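Below are the chains, spelled out letter by letter.
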Amino acid sequence: MKMPEPDADVIARRAGIARALGKIVPGEGVIDDRAALRAYESDGLTAYRQPPMIAVLPETVEQVSAVLKYCHGNGIKVVPRGAGTSLSGGALPLADGVLLGLGKFNRILDIDYANRCATVQPGVANLAISEAVEAAGFYYAPDPSSQIACSIGGNVAENAGGVHCLKYGLTANNVLGVELVLMDGEIVRVGGRHLDPSGYDLLGVINGSEGLLGVITEVTVRILPRPPSARAVLIGFPSAEAAGDCVAGVIGAGIVPAGMEMMDNPAINAAEDFVEAGYPRDAAALLIVELDGPEVEVDHLVDRVAGIARELGAASIRVSEDENERARFWAGRKSAFPAVGRISPDYYCMDGTIPRRRLPEVLGRMAAMSDEFGLRVANVFHAGDGNLHPLILYDANNPGELEKAEAFGGAILRLCVEVGGVLTGEHGVGVEKRDLMGTMFSDEDLKQQQRLKCAFDPEQLLNPGKVFPVLHRCAELGRVHVRGGRTRFPDIPRF
Amino acid sequence: METLRPTTEDEAIEAVGWACQGGHALEIVSGGSKRGLGRPAGAEVLLDLSGLAGIALYEPEELVLTARPGTTLAEIDARLAQHGQALAFEPPDLGPVLGAGPGLATLGGCMAANLSGPRRFKAGAARDHILGVRAVSGRGELFKSGGRVVKNVTGYDLCKLLAGSWGTLAAMTEITVKVLPAGEKLRTVLVYGLDDEAAVDAMTRALGGPFEVSGAAHLPAGIAALSSVGRVRDPGSSVTALRIEGPEPSVLARTASLRGLFADGHAIDELHGHNSSAFWCEVGEARFHAAGEGILWRLSVPPAGGAAVAGRIADAFEARAFYDWGGGLVWLALPPGTEDAGAEAVRAALGPAGGHATLIRAPEELRRRVPVFHPQAPGLAALSERVKQAFDPRNILNPGRMGGTP
Ligand SMILES: Cc1cc2nc3c(=O)[nH]c(=O)nc-3n(C[C@H](O)[C@H](O)[C@H](O)COP(=O)(O)OP(=O)(O)OC[C@H]3O[C@@H](n4cnc5c(N)ncnc54)[C@H](O)[C@@H]3O)c2cc1C
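Chains as they are written, first to last, in the working numbering: chain Y, 739 to 1233; chain B, 148 to 553.
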C-alpha cells in the first residue's frame, strides 16, 4: 500500500513540533516516546502498521482547534482516531503525521428525553449511549458489532451500521447535529436538536467522511423508545438459494424485520463450536430474523415469517420463547468474527454490498474463487440489506498468504460491483479499498468528491492517503476546462 | 426567458456546459411547483428538466426505484401502489400552497428541496431515501454518487448533499430511491380541545412511548375548521392527531393503548383508512394555508419547544400556526403585508434551543430582500459557499436562490 511520501522536513522538526503541541495540550497530552507510540500503529486492519510521528490527546474543543491550526500553519498532516476499531485502515497513522486521539472526549453532555436526543462527546462508546438512556426506556439504534468499543465519533466518520439498521437506519440517519473542527481550526456547528438543518446537508457528507473533512468534537444523536418486545426466528435452509428466496419473500410480503442476518455453513459451524448457540450444523444457510414491537405485532409477524420460510423449504424453524433464548440465538452471530478467529490463525473481513437477489449467485462464485485462491471463506451477511461480510481465512506466517487473501478480497469486491453493488457497506474505504475506487467510479466522479474535500481542507492535510487513489491538488481540481467552440446545440428543444 | 428543454442526459450535459462556458445563469425546474420558493434566481435561461422523465427501473422485491428527475410524484406513487409500496417519507406537493396548483411536483424537485411529510420523524427525510444519483455539475460535467443498495459508504454521500441544495450544486439527471412497503392498516387517534402547550406535551408523551406513532400533528381550532375531513373540521375545537400504522392486529392494539393515555376525560375520536390518508395529506402539504395570499413560514425546531416558539411569535403578530412532527415542524401564517415578513421576529423567536425558519411563501419583492433560508453563522456560511464553488465555480446554477451570491 503506497502512502503519501513522508515529508523529511517535517520529520526533522519532530522535537520542535512536540514542544509546540505540548504548549497547547499540557500535561500528558502529547506522546512522542517511540515505544508509547506503538499503541497507535494500527487500527482494526492490523495488516497495516505505521507508528505516528507524534500522538496528541486533547481534552477540549479549543485544544483541538489550536492543534489543527498549528498543524495547518506548519504544513503538518493530521490523522484523527477514535477507538481504533476501523476495519479499513481509516485511522492508520502517517510517519510524518500527528495522530489526534479523541479518547479523552468521553463525556455524555446532555440527555434530552423530551426532544428524544442525546448530545455526547465523540469518544463515548456506542453502547454507552444506550446504557445511559436505558433506565428511561430509550436506546440508540445503530448497533455495530464493535459497539462496546467503537466511539460515536468513529461511527459518524464511518457511517457505521449494525444488525438493526435494516429497520432503524445507519448512523447517518440517526445523527441530528455535530460540532466539527476544520483543518484550519475553524469550529462549525451543523444541525442541532431539530430535524433537517437549513442550508446544504453537510451532515450528509460528514457522516462517512472517514476523518477527511474535519474533526468531530460533539455529536447529537436521536434516541428511540425501546420496543416493548422482540423475538428472533432461527431458520435453517438446505441451500443458500432457498435462504435468499426467503429473504426476498419476507421483504416482498411487506415485512421490515428489525434484523435479518444470514450465515453460511462454515460460519454456522465456527459459531456453534465457539458458543453453542444451538444452530443447525448441517444447514447450508441459516437465517436469523428478528421482529420487534408490541407483542401482538411480533407474534403476528413471527407467524408470517415462519409461514414464508416453511413454504420455501426451510429445514428447521425455531422461535425464541424468552429473552435468554433470543440472546442465545444472537450469540453465535455476534461472535462470528472471534469464532472464525479460532479456526484460523488470521482472517480478513470484507464488506461489500450487493442487490439482495444476487446473493446465491455471488455465494456460488465466491466458493469457486475460494478453490481458485486456495483459501477458505466463511460468510456472515446482513441479508436484509444485502451487506456481505465474507471472512477470508489465512495464515500470515505462510509467506505470500496475506497477499493472496488480499487478492481474493479484491476479487470479491469487484464481483460486488459487477452485480450492481458497492465496495463497502459500512466499514469504509480507508486505505484498504482505496485503490479499488476506480472499479466503481469514473475519474470525474472521484474528482467531484475531491473537490468537496477541497472545500473543507484545501491543503489536504487531514488524513491524506485514505479513500482517494490519486491525490490531485485542489488548485488543479478547481480549474474549469472550457471545451472550445461549443455551439448553441441545435438539437436541444428550445422555446 | 428563453427555455432549454433537454430530453436526454447528453443534452443536459451539453446545455449546462454551454452555460458554464458563457457564464449564463440557469434557473433549473422540473415540474415547476416550487418556482415561487426561494430568492428569485435572476437567471437568463430556464433549464427545464421535465423532458427527462420516466421510471427507468423498479424492482419491488429489492425495494428500489430509479427515475429521471421530471417524473411526477403522482406517476411514482401510482406505480408503487400497484405493489403495496410507497415513498415512506411522504413527499408533500407544495404546488397548491405556492399557488402553482396540484400534481406538478416531480421526483427531481422533491429531492432538490429535501421535503418530507408527516412521517419524517419516524421514516426519515427525503435525503434518507436517496440511494444514488447522476448529475451534471455547474462545470458541465457528469458525475454519479451512491448506487442502488441501501448500505453504502463508498466515498462521500453526494446524494445527500444534492438533496436540499435547491438546484444550486448540480442538475440531477437520474435518481435512485429506496421504497418501502406501505402500512397495511392505518388509524388516527384524534384528541379534542387541547391548547398548543398541552398538545405538544401530549405528543411528546406519545412519541416517547411504545406506540410507534408515525404522525403527530396539532391543529388549533381556527385551522382545524379549514380541514376537509368532517371529524376534524366540525367539532369546532382544536384537534391533536396521532397516527398509527402497521399490520392490523398491531394497529388495533397500539391504538387502544394510545387512547389510554387520554383516558382522563378528553374527548377522543378516530379516523380510519380514507379519512386518515386525506387528513395527513393536508397536514403534510399545509393545505389549510393554500387559499390565502399571506406570508407562510415553515420552522424546524426541537419538537418539545414548538408551542413556545409559536407563542412568542403570536405575541408580536397575528399569527396562525399549526404543528406537525410532534411539535418539531411549525407552519406559521402571517397576514399579507407584514413588514419584512416578520423575519427578524420569527427567527429571534427560535431562541437558544435552535432550529431554523424558511420563508415558504411571500411576494417576490420580499423574497429578494429577506433571506428565505435561515442565515447561517459566518464559519458555516463560508464553508457552504466553498461547497457551492466546488460544484459550480461560475455560479450559473440557480444563483442566489438559497442566499449567497446572486
Ligand atoms: C470486531 C469488529 C466488529 C465490527 N463490526 C462492525 C459493524 O457491525 N458495523 C460497522 O459499521 N462497523 C463495524 N466495525 C468497524 C468499526 O468498529 C467501525 O467502523 C467504527 O465506527 C469505528 O469507530 P472507531 O471509534 O473505532 O474509529 P477509528 O477506528 O478510530 O477511526 C475510524 C475512522 O474515523 C476517523 N475518526 C475517528 N474519530 C473521529 C472524529 N472524532 N472526528 C473525525 N474523524 C474521526 C478516523 O480518522 C478513521 O478514518 C467492526 C470492527 C471490529 C473490530
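Hints are computed from structural coordinates only; laboratory data are not their basis.
Computed from a predicted model, the values in this text were never measured in an experiment.
Idealized CB from N, CA, C, for every residue including glycine.
Do not take every clue at face value.
Some residues of chain Y that are not near chain B, with every Cβ distance over 12 Å (derived) [unchecked claim]:
1) L962
2) S1073
3) H1120
4) L1161
In silico contact screen, one side only, chain B against chain Y (beta carbon under 8 Å); selected entries [what the hints assert, rightly or not]:
5) A310
6) L327
7) L354
Okay, the hints, checked on the actual structure:
{"no.": "1", "hint": "L962", "verdict": "9 Å, violated"}
{"no.": "2", "hint": "S1073", "verdict": "22 Å, holds"}
{"no.": "3", "hint": "H1120", "verdict": "7 Å, violated"}
{"no.": "4", "hint": "L1161", "verdict": "5 Å, violated"}
{"no.": "5", "hint": "A310", "verdict": "6 Å, holds"}
{"no.": "6", "hint": "L327", "verdict": "7 Å, holds"}
{"no.": "7", "hint": "L354", "verdict": "7 Å, holds"}
The structure fails hints 1, 3, 4 (numbered hints given earlier, in ascending order).
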